[in-house]
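Protein chains in written order, with numbering that gives the first Met the number 0: chain F, 0 to 157; chain R, 0 to 150; chain X, 0 to 372; chain E, 0 to 363.
Calculated from the structure, these hints are not laboratory results. Since the model is a prediction, treat every value here as computed from it, not as a measurement. Incorrect hints may have been included.
Result set (DSSO-like, lysine-lysine): computed pairs, CA atoms no more than 30 Å apart in a straight line [unchecked claim]:
no.: 1; chain 1: F; residue 1: 98; chain 2: X; residue 2: 299
no.: 2; chain 1: R; residue 1: 73; chain 2: X; residue 2: 91
no.: 3; chain 1: F; residue 1: 98; chain 2: F; residue 2: 31
no.: 4; chain 1: E; residue 1: 75; chain 2: F; residue 2: 31
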Amino acid sequence: MFLKEYFGTIFRSVRSLLKGMKLTGYYFTHPKEIHTEEYPDNRATLQMFDRFKGEVVMPHDDNNEHRCTGCQACEIACPNGTIKIITKQELQPDGKKKKAIDTFVYHLELCTMCNLCVVACPSDAIVMAQTFEHSVYDKKQLKKVLNKPGSKIMEGVE
Amino acid sequence: MTNEEIKSAVTALFPTVTFDETGEFLNILIDSKDLRPLIKALRYNNEFDCDFLFCLTCIDWKTHLTMVYHLLSKKHKHAFVVKAKIADINNPEIETVSDIWQTANFHEREVYDLFGVKFLNHPDLRRIMLDEDWEGHPLRKSYVDENMISI
Amino acid sequence: MSLLGEDIMTEEGEFVINIGPQHPSTHGVLHLKVWLDGEMIKKVQPHLGYIHRSIEKMSESLSYRNFIYATSRMDYLSAHINNQACALCVEKGLQVEVPPRAQIIRILMAELTRLSSHQLWWGCTGLDLGAVTPFFYAFREREAVLAIMEESCGARLTQNYCVPGGVMYDIHPNFQNRVKDVIKQIKSKFQEYDDILSGNVIFEQRTKGVGYLSPEDAVSFGCTGPTARGSGVSCDVRKWFPYDGYEKVQFKEILETGGDCYARYMVRMAEMKQSVYIIEQLIDHIPEGDFQAKTKAVIKLPKGEFYQRVETARGELGVYIVSDGAASPYRIKYRSPNFSNLSALGHMATGSKIGDLVAIMATIDLVIPDVDR
Amino acid sequence: MSLFLEISFSAMANGLHNWLAGSISNATLVSVTEMAIAGVSLLLFLVPLCFFLGYMERKVAAFMQIRLGPNRVGPKGTLQIVADTVKLLFKEGLTPNASDKFLFNLAPIIVVVTSMLAMAPIAFAKNFQIWDINIGVLYVSAISSLAVIGILMAGWSSYNKYSLLGAMRSGAQIVSYELSVGLSLISIVILTGSLRMSDIVASQADGWWIIKGHIPVIISFVIFLIASTAEINRAPFDLAEAEQELTAGFHTEYSGMKFAMFLLAEYINLFIVSAIAATLFLGGWMPFHLGNWSFFNNVMDYIPGSLWFMGKTFLIIFIIMQFRWTFPRLRVDQLLTLEWKYLLPISMVNVIIVTMMAIFGWHL
Numbered sequence: 000m001f002l003k004e005y006f007g008t009i010f011r012s013v014r015s016l017l018k019g020m021k022l023t024g025y026y027f028t029h030p031k032e033i034h035t036e037e038y039p040d041n042r043a044t045l046q047m048f049d050r051f052k053g054e055v056v057m058p059h060d061d062n063n064e065h066r067c068t069g070c071q072a073c074e075i076a077c078p079n080g081t082i083k084i085i086t087k088q089e090l091q092p093d094g095k096k097k098k099a100i101d102t103f104v105y106h107l108e109l110c111t112m113c114n115l116c117v118v119a120c121p122s123d124a125i126v127m128a129q130t131f132e133h134s135v136y137d138k139k140q141l142k143k144v145l146n147k148p149g150s151k152i153m154e155g156v157e
Numbered sequence: 000m001t002n003e004e005i006k007s008a009v010t011a012l013f014p015t016v017t018f019d020e021t022g023e024f025l026n027i028l029i030d031s032k033d034l035r036p037l038i039k040a041l042r043y044n045n046e047f048d049c050d051f052l053f054c055l056t057c058i059d060w061k062t063h064l065t066m067v068y069h070l071l072s073k074k075h076k077h078a079f080v081v082k083a084k085i086a087d088i089n090n091p092e093i094e095t096v097s098d099i100w101q102t103a104n105f106h107e108r109e110v111y112d113l114f115g116v117k118f119l120n121h122p123d124l125r126r127i128m129l130d131e132d133w134e135g136h137p138l139r140k141s142y143v144d145e146n147m148i149s150i
Numbered sequence: 000m001s002l003l004g005e006d007i008m009t010e011e012g013e014f015v016i017n018i019g020p021q022h023p024s025t026h027g028v029l030h031l032k033v034w035l036d037g038e039m040i041k042k043v044q045p046h047l048g049y050i051h052r053s054i055e056k057m058s059e060s061l062s063y064r065n066f067i068y069a070t071s072r073m074d075y076l077s078a079h080i081n082n083q084a085c086a087l088c089v090e091k092g093l094q095v096e097v098p099p100r101a102q103i104i105r106i107l108m109a110e111l112t113r114l115s116s117h118q119l120w121w122g123c124t125g126l127d128l129g130a131v132t133p134f135f136y137a138f139r140e141r142e143a144v145l146a147i148m149e150e151s152c153g154a155r156l157t158q159n160y161c162v163p164g165g166v167m168y169d170i171h172p173n174f175q176n177r178v179k180d181v182i183k184q185i186k187s188k189f190q191e192y193d194d195i196l197s198g199n200v201i202f203e204q205r206t207k208g209v210g211y212l213s214p215e216d217a218v219s220f221g222c223t224g225p226t227a228r229g230s231g232v233s234c235d236v237r238k239w240f241p242y243d244g245y246e247k248v249q250f251k252e253i254l255e256t257g258g259d260c261y262a263r264y265m266v267r268m269a270e271m272k273q274s275v276y277i278i279e280q281l282i283d284h285i286p287e288g289d290f291q292a293k294t295k296a297v298i299k300l301p302k303g304e305f306y307q308r309v310e311t312a313r314g315e316l317g318v319y320i321v322s323d324g325a326a327s328p329y330r331i332k333y334r335s336p337n338f339s340n341l342s343a344l345g346h347m348a349t350g351s352k353i354g355d356l357v358a359i360m361a362t363i364d365l366v367i368p369d370v371d372r
Numbered sequence: 000m001s002l003f004l005e006i007s008f009s010a011m012a013n014g015l016h017n018w019l020a021g022s023i024s025n026a027t028l029v030s031v032t033e034m035a036i037a038g039v040s041l042l043l044f045l046v047p048l049c050f051f052l053g054y055m056e057r058k059v060a061a062f063m064q065i066r067l068g069p070n071r072v073g074p075k076g077t078l079q080i081v082a083d084t085v086k087l088l089f090k091e092g093l094t095p096n097a098s099d100k101f102l103f104n105l106a107p108i109i110v111v112v113t114s115m116l117a118m119a120p121i122a123f124a125k126n127f128q129i130w131d132i133n134i135g136v137l138y139v140s141a142i143s144s145l146a147v148i149g150i151l152m153a154g155w156s157s158y159n160k161y162s163l164l165g166a167m168r169s170g171a172q173i174v175s176y177e178l179s180v181g182l183s184l185i186s187i188v189i190l191t192g193s194l195r196m197s198d199i200v201a202s203q204a205d206g207w208w209i210i211k212g213h214i215p216v217i218i219s220f221v222i223f224l225i226a227s228t229a230e231i232n233r234a235p236f237d238l239a240e241a242e243q244e245l246t247a248g249f250h251t252e253y254s255g256m257k258f259a260m261f262l263l264a265e266y267i268n269l270f271i272v273s274a275i276a277a278t279l280f281l282g283g284w285m286p287f288h289l290g291n292w293s294f295f296n297n298v299m300d301y302i303p304g305s306l307w308f309m310g311k312t313f314l315i316i317f318i319i320m321q322f323r324w325t326f327p328r329l330r331v332d333q334l335l336t337l338e339w340k341y342l343l344p345i346s347m348v349n350v351i352i353v354t355m356m357a358i359f360g361w362h363l
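Produce the entire structure from the sequences given, and follow the hints as far as they go.
Spelled out as structure tokens, the structure:
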């Protein structure tokens, strides 16, 4: 009885060990199963998902116009103070003064990519870009101004 | 047990307690000095049998502190809240419950760390999150951090 | 040069080693002070707070929409479920009905999160016990799950997909197909998991009878999740206090009676299969409709207290909001599952060996940012 | 081809000896010079061997773990290990302040030297042997148990609690597994009737012991594999350096070149135990022969003996590597249970059976 149990244990143990070795042996002999993504080499073909939250950008069209009205909804929505909007008063052709953005400052180093600013924006002026290679040598380079120099607000965006 | 039954059972044992039923749970309000007999009864009396303390925390109401014990009975499947008012905000003290529920050990250390409530008879009352030499108790409303960067 | 024996022991003749905060087997910055007698553990004392960011204090100054993102950084492996808990608690205060579509999406995402979390745990358990290879097998499937997250939520770990009233945006059009593919892939790999780890005799030896936690102690220590269910304590919030329509979903609450590391391991392995089962039920039945209920731009909760619990991959997460009617919570408390589970570690490890401590830590499945908050 | 290799080595050695004896009159000086030459050529063999084993281990691990492994430095990553060595060379070899400095620096040398000494009686091909000592098997088993001294020394002198624990574990482990290794070696010695390596190989000219010796020899082969894996501190028996428990065990405090020496010793040990297993059980440099198939046997003969030897050795190295990348680690008490409850009784009974087999001539 004791011997039966003793050798039964050995038999079961060896079988379980061989099972594991069979699996590793299978993967060793099947290099096609290799699952590695060779990242810097596949840069040209690497396609991020279209919703990937890389950084906040402000799209400009061909006439260097954006959709930001300077309402500061994103600034309020941001939990970390990532966005700072400096506004100015712009003289309209009809003589009225209108609020417009002077600089749209975006601190990438503070951003947690929570997407709340994009959701909060009433005029769809900012979107998330799919870039992800953000490393720089100086932290100051992560402070970005999103509106391009000389850009204007698009016609018809209120 | 239903809330009404709990109310009558608790009142029978402790006539001084008051109840608050506005929230999700039945709140049993009590003064910090009378906490321990009530807690013991709630834990060990068969009718209550609250074996699971699922949350223990503290609220700083600026004038006083409130210890909040969320209790659940696995057997009777009823849950309610015991709130103990600590009037002395400068030197808050309350009896420990860590010998009744072992989970209270860590939770009370956390409350001690972040609110400064001293738990009497606690086996190992040290700061748990912050350094031993940290000054002040961060979750108190009166806590001011000079190094804080406002954004 | 002094004699080794004199200096390496304390004055009381105790041999104390520090495991952590930077140690290969601690999953984060956990610091355990371990009193040893030879290989035997006499006492374990966790030292916490290396990654304490005071999320509770931070949340007191953030609006109800904003503080949710911070909870992703607590238990980063079940970030979506943390967000869901906060969103549910705010909804409870606002008394908002979540549209059915949003509920189903939330459940699907939560189960995918649980799946990915358990897969990481499985890999790390192998790693902690000295088997490196399972880690890579686990990550192969986990990457596929995270790709679903990335496609629909835009982020792999810290999704921030739940908002009060529903989810932030609708699921990606590819979502259903991709989930079906991944589920098929995962189901075919469960046998491999068993072959390389579960059935392995060395693994069984390392976990069976190790780190015993009795049901009474499990309740007393406030253990929840697989840690408590391994001891036979029924505590699945999805069954006890259903939220977000879990009452309409069929699944089993996995209970094991062993109370040792092996039982906890088996609970998690079976939970993975249950998660797959839930996803299979729902994936073809996502109702049409809104993905978000209308809420005001500035959310103000009525005066009062709100408690919401959910079942994360590690146990019961409670969100306790005390509101004074302002636009940000007066006091918020996260009852994190890991904090309570960790408190049982010392009890479980006392009397076992150093190697067992690693196994126990692995099967409690600690996430230190959640302990420290 | 094979003859060419074998003869050339003997001829080379004899020629060298004659040339040295002719040019240097002092006999002691001649033997010292010969030893130096042997040592240098051994190093010239061992360092590339360890480079290769390091590369092989990484690739084996990677392929089992569905990844690619080193593939950046050099073609297919072959130079990765060279880059690592260069890194280790330029790293500062720290010595902890409170450590016993003499022993701390001595320990890695002892570990490497003992493992290199054990290379001496290994037969790479016919007459291709550094030292055909008449007690070869005994010599190897004696030398290899010396390695524990180096490990204990490293652990003790580091003045680190992890190191101390690791060293103590290693002591218990090597002392107990020494028995099983010895007993499984003895079963072949009994069958051969000689401790000399060349005799053991010669006795397998008509078939390897693992085939000739039926099940008992297979059992002692398996026991030898398990026990020697434990003796060279490799996973799943790497308790002395159990990463998850003791960070790095006895070599926690070592860095730079001193650490590299432990690594070197580990790979030399791996090679040695595999070489001994190949020699004793798989026929060393003897080609594989099948009964009466003279054509097949001739073809097999055409493959040089050194290739046969290396092929068998690397097969066993691969198996030991696969152990490492498949299994979880045992706990220290289970490790001892395995030895004292399973391996030792079985190998004792096995030795009796083998003895009977040798007496009655049951083997082929």
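Checked hints:
Proximity of residue 98 (chain F) to residue 299 (chain X) is assessed by CA-CA distance (about 29 Å); at most 30 Å being required, the pair is judged to hold. In summary, the hint linking residue 73 (chain R) to residue 91 (chain X) is supported, as the alpha carbons are separated by about 24 Å, within the 30 Å threshold. The suggested pairing of residue 98 (chain F) with residue 31 (chain F) is violated, with an alpha-carbon distance near 60 Å, which exceeds 30 Å. Distance hint between residue 75 (chain E) and residue 31 (chain F) is fulfilled; the C-alpha atoms sit about 16 Å from each other, no more than 30 Å.
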